[in-house]
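One line per chain: the protein sequences are A and B, in this order.
The first sequence begins at 233 in our numbering and counts up by one.
The second sequence begins at 181 in our numbering and counts up by one.
It is possible that part of the hints are untrue.
As the list claims (entries may be wrong) - Per label pair, the in silico range of CB-to-CB distance: (1) E216(B) / A270(A): 56 to 62 Å; (2) E304(A) / S506(B): 39 to 45 Å; (3) T311(A) / I328(B): 52 to 58 Å.
Unchecked claim - What the simulated footprint calls covered on chain A by chain B, stretch by stretch (three residues with Cβ under 8 Å from a Cβ of chain B suffice, anywhere in the stretch; the number is not a length): (4) 253-265; (5) 279-293; (6) 344-354.
What the hints assert, rightly or not - Some chain A residues near chain B, calculated using beta-carbon distances under 10 Å: (7) S306; (8) L338; (9) R341.
What the hints contain is simulated information worked out from the structure, not anything from laboratory work.
Heads up, the beta-carbon is just placed ideally off N, CA and C, and yes, glycines get one too.
One-letter residues, chain by chain:
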Amino acid sequence: MASSKRRMVLRFPADSVNEPITYILIKDYDVMINILNADISHGREGNLLIEISGEKGSVERSMNYLKSKHVEISPVVKTILFNQSDCIHCGACASVCFPGALSMDLDSRELRFSPDKCIACELCIKACPLRLFELNFGVN
Amino acid sequence: MTKSIQDINEKIRAGKAVVLTAEEVSAMGRDHSPAEVTRKVDVVTTATFGPMCSSGMFINTGHANPPIRMERATLNGVPVFSGIAAVDLYIGATENHPEDPAYGGAHIIEELIAGKDVILEAHAKGTDCYPLKDIKTSINRENINEMIMFNPRNAYQNYPVAVNTSNRIKYTYMGSLLPRLGNANFSTSGELSPLLNDPDMRTIGMGTRIFLGGTTGYISWHGTQFKSDAELNEFGVPISNAATLAVIGDAYRMSPEFIRAAYYEKYGVSMFVGIGIPIPVLDEDMASRLMIRNEQITTRILDYGDPDHPELGRCNYQELMSGEISLKNKKIKTASLSSIYQARKIAAILKKQVAEGSFLLTEALEAFPKEKSIKSLDIR
């Protein structure tokens with residue numbers, strides 16, 4: 233069965249913030265939820281940076297459920313470009329990379345980049361002393 | 181057993197010297213005594229590759245016809261120091277472009293080393309012997325006379341770890357420090373670092389031949405802010421910033437691989453400098469110094485969230501290199517601002533050069549000061 237993984241920002245209208253949407257997604261739609269960033273308070277519009285993965289049909293159905301709840305879905309199209317060949321392997325970027333996309337190999341002391349873990353928070357852009365990162369607004 | 185530098189140089193010339201990197205000798209130290217290390221090893225190579233702000237390069241542009249006595253000068257728009265003879269200039273690594281804070285002297289130095297063209301603009305009042313008042317031309321390494329790197333303070337012997345307890349991100353020369361102890365940045369190559377392997381400077385002094393930026397350079401003096409009275413830990417290593425080096429070398433023979441311009445957000449321009457120092461294993465005392473391991477080197481953790489940078493605790497380099505330290509019951513992610521990867525590369529190059537006989541050791545011409553504290557600046 234085909235599986236699917238999508239990364240998106242969910243924007244909740246103020247009146248649906250009280251509904252346990254992630255619980256319903258997991259329990260009724262059988263999808264895996266990875267919350268990468270959340271900014272939600274009662275009575276106020278909220279944002280959730282989320283990765284939904286699971287069987288293709290389940291992911292499609294969960295999207296329809298979210299739309300029925302008037303949740304605005306924006307796919308994450310921002311990605312970080314890394315000019316890795318110029319890297320000098322200091323750890324300045326890894327130090328601020330909380331999702332762990334940039335990490336230091338403890339044996340070889342080489343910097344590793346796993347783009348699949350990147351949430352495009354942009355902290356590395358300012359942290360890199362060689363300015364090797366840039367933001368890319370491509371289509372996801 | 182004791183060996184002199186001359187004895188060791190004889191072995192180097194004969195291609196018979198046993199050379200290890202400081203990391204290799206630290207590992208060897210786990211199951212060898214200092215006496216055994218002295219017998220088996222002749223030279224240990226140490227290295228560091230970190231951002232070192234107190235750096236720069238003298239150039240001499242040659243005289244134009246008619247000549248100019250440059251009084252205000254820029255290279256690619258970056259001001260350079262022209263308060264010396266007519267066409268001698270000093271490019272300070274941290275000087276930045278007035279309109280582009282992320283571009284500065286270090287970038288000019290890197291570009292000149294790499295062979296790129298740079299725009300020189302200079303102005304003067306005009307004198308009887310130097311009538312020209314304005315000049316704008318392009319220079320590169322081929323059409324100027326000298327490029328002499330002279331760095332007044334490099335290779336700090338130990339440096340504190342930076343953290344931030346405040347509620348907002350701090351952009352510092354120790355990198356981006358996340359709020360509420362979100363990360364901890366350090367900047368020393370630990371057991372591989374030159375001055376941590378000869379903490380009493382028995383073999384490192386004025387005139388010592390070193391690896392600088394990809395070529396051979398020399399220690400020209402003690403570095404500025406040199407401090408001999410820092411607190412020592414039980415292994416005789418200063419627990420904070422202490423000794424420093426002033427170094428000099430021919431930038432024509434340097435490589436952008438070991439001299440790299442840097443910019444720290446909202447702080448400014450700095451320059452990564454690669455330095456390596458071979459240390460002779462003269463006797464058991466030197467051997468025991470060179471065998472020092474990361475867990476035996478202590479440093480202080482300072483809070484950059486507070487303008488006074490109070491000390492919050494202490495840790496060792498084994499903890500720092502593990503990627504995590506504990507502070508205030510919290511696990512904090514650590515990262516090095518100096519590149520261990522590059523430092524290892526330098527230590528390996530130097531090891532090869534000494535083993536092949538192309539890099540001989542030097543006797544220091546003069547020892548560094550034994551008693552030197554640093555003063556702060558009173559505002560009066």
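The hints, checked one at a time:
1. Distance hint check for E216(B) and A270(A): the Cβ-Cβ separation is about 58 Å, which falls inside the suggested range of 56 to 62 Å.
2. Distance hint check: the CB atoms of E304(A) and S506(B) are about 42 Å apart, consistent with the given range 39 to 45 Å.
3. A beta carbon spacing of about 44 Å between T311(A) and I328(B) contradicts the range 52 to 58 Å that was offered as a hint.
4. A count of 0 residues in the segment 253-265 of chain A with a Cβ less than 8 Å from any Cβ of chain B is obtained; the coverage claim is therefore unmet, three being the minimum.
5. Counting residues of the segment 279-293 of chain A whose CB lies closer than 8 Å to any CB of chain B gives 0, which falls below the minimum of 3, so the coverage claim is violated.
6. For the segment 344-354 of chain A, the stated coverage by chain B is not satisfied: 0 residues place a CB nearer than 8 Å to a CB of that chain, which falls below the threshold of 3.
7. Here the hint on S306(A) is broken, as its CB sits about 25 Å from the closest CB of chain B, past 10 Å.
8. Interface restraint check for L338(A): the shortest CB-CB distance to chain B comes to about 6 Å, inside 10 Å, so the restraint holds.
9. Checking R341(A) against chain B: minimum C-beta separation of about 4 Å stays under 10 Å; hint holds.
When the structure is compared with the earlier hints, violations turn up for hints 3, 4, 5, 6, 7 and for no others.
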